[in-house]
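Participant: Given the coordinates of chain A, assemble chain B with the ligands onto it according to the supplied hints.
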Amino acid sequence: MAKKVRILVAKPGLDGHDRGAKVVARAFRDAGYEVIYTGLRQSAEQITTAAIQEDVDVVAMSLLSGAHATLMPRVIKMLKEQGAGDKLVIGGGVIPEEDIPELKAAGVAEVFTPGTPLKTIIEYVNSKF
Amino acid sequence: MELLEKAKAGNKPSIARLISIVEEGTPESAAVLREIYLETGGARLIGVTGPPGSGKSTLTDKLVKACRNKGKTVGVIAVDPTSPFTGGAILGDRIRMSGIALDEGVFIRSMGTRGSLGGVSKATHNAIKVLDYAGFDYIFIETVGVGQSEIDIVKTADSVIVVSVPGLGDDVQASKAGILEIGDIFVVNKSDRDGAERVVIELAQMLDLNPNKDIGWKPPIIKTVASRGDGVDELNDKVNEHYDYLLESDEITERRKIRLANEVMEVLMKHAETYVHSRLEEEEFTSKKLDKILSRELNPYDVVDEILEKTFK
Ligand SMILES: Nc1nc2c(ncn2[C@@H]2O[C@H](COP(=O)(O)OP(=O)(O)O)[C@@H](O)[C@H]2O)c(=O)[nH]1
Ligand SMILES: [Mg+2]
Chain A
1 MAKKVRILVA KPGLDGHDRG AKVVARAFRD AGYEVIYTGL RQSAEQITTA AIQEDVDVVA
61 MSLLSGAHAT LMPRVIKMLK EQGAGDKLVI GGGVIPEEDI PELKAAGVAE VFTPGTPLKT
121 IIEYVNSKF
Chain B
1 MELLEKAKAG NKPSIARLIS IVEEGTPESA AVLREIYLET GGARLIGVTG PPGSGKSTLT
61 DKLVKACRNK GKTVGVIAVD PTSPFTGGAI LGDRIRMSGI ALDEGVFIRS MGTRGSLGGV
121 SKATHNAIKV LDYAGFDYIF IETVGVGQSE IDIVKTADSV IVVSVPGLGD DVQASKAGIL
181 EIGDIFVVNK SDRDGAERVV IELAQMLDLN PNKDIGWKPP IIKTVASRGD GVDELNDKVN
241 EHYDYLLESD EITERRKIRL ANEVMEVLMK HAETYVHSRL EEEEFTSKKL DKILSRELNP
301 YDVVDEILEK TFK
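Chains as they are written, first to last, in the numbering used here: chain A, 1 to 129; chain B, 1 to 313.
Everything labelled a hint here was simulated from the structure, so no lab data went into it. Misleading hints may appear alongside valid ones.
Stretch by stretch, here's where chain A covers chain B in the computed footprint (C-beta under 8 Å, at least three residues) [said to hold, decoys possible]:
#, segment
1, 18-24
2, 87-95
3, 102-111
Just so it is clear, CB atoms sit at the ideal spot from N, CA and C, and this is done for glycine as well.
Next comes chain A alone, as it looks inside the complex (with noise of 0.2 Å):
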């Protein structure tokens, strides 16, 4: 038996719905993989705690306002603190293309921005294991 890839579907911020994020959790769950969905307006800190629980292999971040700058970030910071450094972390949402190289720099794996096919996105988690 293959190990089950585990992945945390996360909508931080503020902003109101997860439609976005519910479709990627599905997506996901329909490619074979356990999603723990932790639903609406996380944290960095709920974050952090439900990927180290959950011992999960990646965590997948979808933000629609602009907090993606500071809180991914934080979340890649804690995790290595917390002594889980070793996750694979992925972003979506608006995310302006100047940002993306300050993201990457400080450990997303890699970003999705709007209209990103869904098979695009789990082939890359794919290629990771």
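Facilitator: Just chain B with the ligands now, kept in the frame of chain A:
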């Protein structure tokens, strides 16, 4: 094993990793379980079961808070079904446990059923052992009360809470699949909705049919509105009363013995199966004999007897 020491000291990533190991059931898993077993048995196990959406996670969130108020540490294992088609799952129980998610004294773990029937309960029991070993005082196990395997999981808990809700159809849902028999405490959640009283009455009538109803513990029925916290104190009192009853009557020993007998049997069967398979392969036994069964020179029953004799002599 360094992971074990760290888990014992309460290191969360190590506990999480150990759960993954024992859930996968790899050879490493057997070593871990062997290593930790003698240091388990200290936790109180509470099962919560009921139909999807009945409010199990919301109730668990509130019950865990009550335990935390008494200074107890709590592990939670929430089991959700895996899709039989893709092998994937969406595990969403944490959504309703946001009230305890950041509590240092709480550890929540979501698990998929991952297809194989008996496998679910084995993986869950193994995960419970890791949390037990890590020193959590209470362990809550949430499962959807639909299949036999889910029932097998919760029925091994010290106390089993069965959750029903109004409006799910004419019959009390608990009457299905033998769930009535395993409940120590019955909850009618979503009592803010019409029909809660009727569910209470139906449950009471059904429990009344139990021929042993006058012996031992009498399962109470409690109305709750988990989302508001109504009735949760009463439920919590009943959980404690039930535990006191288990201790006083020493039924806890009986329960745990049954649980162990099942566990030993499960492990034995699993190992016996693996052993028989390996022997059969070695001897190419089956293919030769199969031909003879096919041509009706032999019958399967004699062949099985012969296999057993050869493998276990
Ligand atoms: N009206 C009402 N809704 C509730 C109550 N308890 C939980 N819910 C809601 O029911 C839904 C399912 O709850 P959840 O705890 O996830 O159920 P589970 O699938 O059994 O774990 C959520 O939207 C809860 O907010 C209740 O007592 N009354
Ligand atoms: Mg639930």
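Participant: State for each hint whether it applies.
Facilitator: Against the structure, the hints:
no. : hint    : result
1   : 18-24   : holds (count 3)
2   : 87-95   : holds (count 8)
3   : 102-111 : holds (count 5)
Comparing the model with each numbered hint stated earlier shows that all of them hold.
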